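Peer 1: Take a look at the letters that make up each chain.
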Amino acid sequence: MSAEVANGVAPRNAPISSRAAATGAHIIERVLIYAALALWTFIALFPLYWTLSTSFKLGRDVTQGHLIPWLDFQPSWKGFQSLGLSPDTIFAHSNVRDEFLNKFFNSVICSLGASALAVVIGSLAAYGLSRFDYKFGVWRNKDISFFFLSQLILPPVVLAMPFLILYKELALLDTRIGLILVYTLMVLPIVIWVMRDQFDTIPNEIEQAALVDGCSIWGAFFRIVLPIAMPGMVAAFILSIVLCWNEYFFASLLTGFDAQTLPVMVASQTGSQGINWWTMAALSTAAIAPLVLIGIFLERYIVMGLTAGSGK
Amino acid sequence: MTGGKFEAAHEDLSERRVRLGRWLFRLATLLLIAVVALQTLDAAGVLTIGFANWRPVLYTYIFWGVALGSSQILTRGEAGQQAAFVLPALLFTAAMVIFPTIFGLYIAFTDWNLNAQSGHHFNGFDNLRTLWGDSYFWNALSNMAIYALTVLVQYAIAFGLALLLNADIRARKFFRVAFLLPFMLSPVAVSWMIGKSIMENRFGPAATFARAIGWENPAFFTSPWIARTSIVIMDSWVWIPFIVIMLLAGLQALPVDVKEAAKVDGANRWQSFWEITFPLMLPVSVTAIVLRVIFELKLADIVINVTAGGPGGATDTISSFIYREYRDRSNVGYATMIAEVYLIIIIIFVTLLLKALGRFMQKMT
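Going down the list, the sequences are from chains V and U.
Residue numbers for the first sequence follow my numbering, so the first one is 50 and each next one is one higher.
Residue numbers for the second sequence follow my numbering, so the first one is 121 and each next one is one higher.
It should be emphasised that the hints constitute simulated quantities derived from the structure, not laboratory data.
If you're wondering where the values come from, they're calculated on a predicted model, not measured in any experiment.
Hints may contain errors.
[As the list claims (entries may be wrong)] Reference excerpt, derived from the structure (chain V facing chain U, CB under 8 Å, subset only):
no.: 1; residue: ALA74
no.: 2; residue: LEU94
no.: 3; residue: GLY114
no.: 4; residue: GLY171
no.: 5; residue: ARG180
no.: 6; residue: ILE193
no.: 7; residue: LEU198
no.: 8; residue: LEU201
no.: 9; residue: VAL206
no.: 10; residue: MET210
no.: 11; residue: LEU219
no.: 12; residue: ILE266
no.: 13; residue: ASN295
no.: 14; residue: ALA316
[Unchecked claim] Just so you have them, the derived chain V footprint on chain U, three or more residues with Cβ under 8 Å:
no.: 15; segment: 208-222
no.: 16; segment: 297-303
no.: 17; segment: 316-322
no.: 18; segment: 358-366
no.: 19; segment: 412-420
no.: 20; segment: 464-478
Even glycine gets a Cβ: it sits at the ideal position worked out from N, Cα and C.
Using the sequences and the hints given, assemble the complete structure.
Peer 2: Below, the structure written as structure tokens:
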């Protein structure tokens with residue numbers, strides 16, 4: 050009965066009164082669906098709104114629980130001023146801003162570097178696993194794939210301590226390159242997972258033709274397969290950036306000052322007593338802004354990366 | 121997989137080329153062994169070359185990897201070219217995982233403390249014995265079980281949300297982006313945004329709301345069960361979108377005719393969900409739940425930054441416990457032992473989980 054209502058089609062021969070009841074139920078159901086959607090949208094977005102609005106509040110606005118700018122409270126640049134990012138301080142010298150920008154670029158370089166490295170070696174491996182039969186001793190394709198994917202299970206704590214000591218010996222502690230290597234390891238299984246799915250959907254007749262024409266397998270890969278697999282690579286790349294940008298555990302253990310990333314800075318500020326809310330809110334806003342933008346504009350690719358291989 | 125796999129063509133490689141390839145590999149291996157030996161002797165104090173650090177070994181390893189790839193191509197032709205696709209990732213992962221794992225096992229059996237002046241010594245099973253009697257470890261482990269169980273609640277909520285998004289609605293794109301956004305945020309930022317400000321006892325909106333509905337002195341992190349619930353709420357807030365996206369993809373891939381059949385039969389919606397949609401969604405659900413449990417077992421950032429494991433270890437996870445063991449006490453040896461034991465527990469648990477789910481799936485289909 051209500052299944053029919055979903056299409057808005059009441060039974061053809063039903064008496065008028067029951068059709069009216071069905072429309073009534075239909076309207077109630079629509080209202081309930083949109084109410085539930087609105088409720089969860091509120092839950093999902095309120096913390097973002099709260100953080101953004103708090104970064105423009107003064108102490109008394111926070112303590113009095115004001116929520117709506119201009120109506121409740123007068124927005125002020127205080128939070129961004131303390132970071133050196135407000136309109137009046139942006140051209141003046143600011144130590145806090147220098148520190149913030151330093152961490153910001155560390156985050157950018159580590160995320161981009163690790164994602165690029167992982168996508169390059171991960172795509173190559175995924176293509177190999179998708180197209181060729183390997184035999185390394187007793188290892189076949191299945192074992193190699195399992196070896197890569199099993200890294201997902203490994204909790205960071207298992208590697209953290211050995212890395213700490215190894216990196217000390219290798220003079221990689223507190224360097225961006227060290228962090229890039231760890232992050233590459235972290236996202237590599239995911240990249241291989243996404244890219245294998247991508248390559249598996251490309252029929253290999255396309256390369257077959259190129260190989261017959263005298264192309265080498267590397268030539269066929271670069272000139273023919275890669276352009277087709279581009280969306281998958283973008284998806285893997287963006288998903289990797291999100292994971293690397295947000296990583297905290299390794300960053301806090303393996304960096305001291307020079308290579309520190311944004312999450313470590315946010316965390317160290319969170320821990321200190323008596324920090325102003327507006328400063329913390331401004332810092333959080335600045336730290337999450339790039340990812341919120343990615344989420345809004347590149348949502349398609351994130352969904353594509355997350356759902357690789359699950360639709361089958 | 122579409123079509124068959126490519127087979128490497130048999131080609132006649134000149135003998136000189138094959139010999140060159142073999143020698144290249146042998147030389148590179150010798151070089152690697154030599155550098156490792158020299159560094160080891162230098163570190164042991166037998167030789168006094170005075171290496172500043174172990175980087176030479178790192179560079180030689182990279183060179184060895186390149187030599188291995190080239191020699192594969194030289195000696196095996198097209199089969200070698202095929203191997204060159206997977207070699208970089210294999211060598212990288214091997215170096216980054218296998219070596220630290222072996223090294224980690226060694227650390228786990230020492231009394232290594234970064235603050236100790238006397239260096240570190242092999243201490244056999246002492247760390248294991250300490251671990252056995254450490255109530256904080258068992259407490260953290262039982263917390264992990266609780267956290268892992270909450271995945272089922274997250275799954276139930278996520279399924280509801282996925283059904284909502286899959287319904288015939290307007291502005292679907294807007295709702296999808298809105299639902300996704302929490303997943304984009306770093307747990308550390310979430311720790312402040314929700315844990316330290318929205319759930320703040322005096323001025324946080326959550327506390328204001330709690331007072332409004334009659335909770336006199338709201339405190340979200342002082343009593344064990346409420347603190348645990350608060351952590352779970354934050355963690356769910358971040359991760360529910362992940363499950364929603366996977367389930368939504370599954371729902372959209374469902375065959376349309378099956379649903380139509382349910383409607384024609386006059387089954388009501390509740391029945392059609394349990395008898396048709398839910399069973400068809402089982403494979404996707406299992407994938408989502410297993411992945412989510414695996415990620416849940418790594419839970420650390422939020423706990424470290426909001427409660428630091430408190431009150432009295434009520435919210436501790438294994439990862440946050442190890443983090444404190446290292447950060448506050450520099451107890452590298454013991455912390456590594458906990459990590460290794462935890463890894464073994466995880467491997468056993470995930471294997472059993474996959475087995476049980478596999479059997480369950482077989483019974484269902």
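Peer 1: Now, for every hint given, state plainly whether the structure supports it.
Peer 2: Going down the list of hints, with the structure as the test:
1. ALA74: At 11 Å from the nearest chain U Cβ, ALA74(V) fails the 8 Å test, so the hint is violated.
2. LEU94: holds, 6 Å
3. GLY114: Interface hint status for GLY114(V): holds (5 Å vs cutoff 8 Å).
4. GLY171: holds, 6 Å
5. ARG180: holds, 5 Å
6. ILE193: Interface hint status for ILE193(V): holds (7 Å vs cutoff 8 Å).
7. LEU198: violated, 11 Å
8. LEU201: holds, 6 Å
9. VAL206: Check passed: Cβ of VAL206(V) comes within 4 Å of chain U, closer than 8 Å.
10. MET210: holds, 5 Å
11. LEU219: holds, 5 Å
12. ILE266: holds, 6 Å
13. ASN295: Because about 4 Å separates ASN295(V) from the closest Cβ in chain U, which is inside the 8 Å limit, the hint holds.
14. ALA316: Status holds, d = 5 Å.
15. 208-222: holds (count 10)
16. 297-303: Since three or more residues must qualify, the claim that chain V covers the segment 297-303 of chain U holds, with 7 doing so at under 8 Å.
17. 316-322: Coverage by chain V holds here, the residue count being 4 at a Cβ distance below 8 Å.
18. 358-366: holds (count 4)
19. 412-420: It holds, with 4 qualifying residues against the three required.
20. 464-478: Check passed, 3 qualifying residues.
The earlier numbered hints that this structure contradicts are 1 and 7.
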